[in-house]
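Construct the entire structure; sequences and hints are all you get.
Mapping of the sequence shown onto the working numbering: residues 656 to 796, in sequence order.
Please note: incorrect hints may appear among the correct ones.
Unchecked claim - Simulated restraints, written as ranges between beta carbons of each label pair: (1) S676 x C789: 18 to 26 Å; (2) A767 x S676: 20 to 28 Å; (3) A748 x F728: 15 to 23 Å; (4) P721 x D674: 40 to 48 Å; (5) D678 x S755: 23 to 31 Å; (6) D674 x G743: 19 to 27 Å.
Hints listed in this document are in silico derivations from the structure and should not be mistaken for laboratory results.
Note that the Cβ used here is the ideal one computed from N, Cα and C, for glycine as well.
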Amino acid sequence: VASRIDYRQGDAMDLHLPDASVDVVSIAFGIRNVADPRRAIGEFARVLRPGGRVVILEFDTPRLAPVRWFNRFYSGWLMPRTATLISGDRSGAYRYLPRSVESFMSREEMIAAMRGAGFAEVSARPLSLGICTCYRAERGG
656 VASRIDYRQG DAMDLHLPDA SVDVVSIAFG IRNVADPRRA IGEFARVLRP
706 GGRVVILEFD TPRLAPVRWF NRFYSGWLMP RTATLISGDR SGAYRYLPRS
756 VESFMSREEM IAAMRGAGFA EVSARPLSLG ICTCYRAERG G
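This is how it looks when you write it as structure tokens:
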């Protein structure tokens, strides 16, 4: 099977691949960093063959209040301070992650964006107590 797999990487909003030319598109912890995530999702749909699958793994805001509180404390307070102390980097780079997660699409908005791009059988599976979510869908056609 491995000999039949051709791995590619590229700009999620402009994949430089023919229409309906791939079986799987995946992105992990990256869609949140794309300038226009909805455009990227549309690009994924464009390059997938009918029946092809997209898998998107991304950080999320946990739904359970105690987990949400701990995650905000850890990623928004403890981790940035610890990383800054260890690295000496005072640029604020370690505050980017929690801010980008908080400002990204909600789970429902992501599902709607995927459906809007023409994906069918869209699912969202929370992982690690909801700290991240795995979105899966199939291109109709």
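Can the suggested window of 19 to 27 Å be confirmed for the beta-carbon pair D674 and G743? 48 Å, violated
Can the suggested window of 15 to 23 Å be confirmed for the beta-carbon pair A748 and F728? Distance hint for A748, F728 holds at roughly 19 Å.
Hint says 23 to 31 Å; check whether the CB-CB distance for D678 and S755 agrees. With a Cβ separation near 30 Å, D678 and S755 satisfy 23 to 31 Å, so the hint holds.
Starting from the range 20 to 28 Å, see whether the pair A767 and S676 falls in it by beta-carbon distance. 26 Å, holds
A range of 18 to 26 Å was offered for this pair. Does it hold for the Cβ distance of S676 and C789? 24 Å Cβ-Cβ, so the 18 to 26 Å window holds.
Quick check on a hinted range of 40 to 48 Å for P721 and D674, using CB atoms only. 46 Å, holds
Violated hint for the displayed structure: number 6, the only one.
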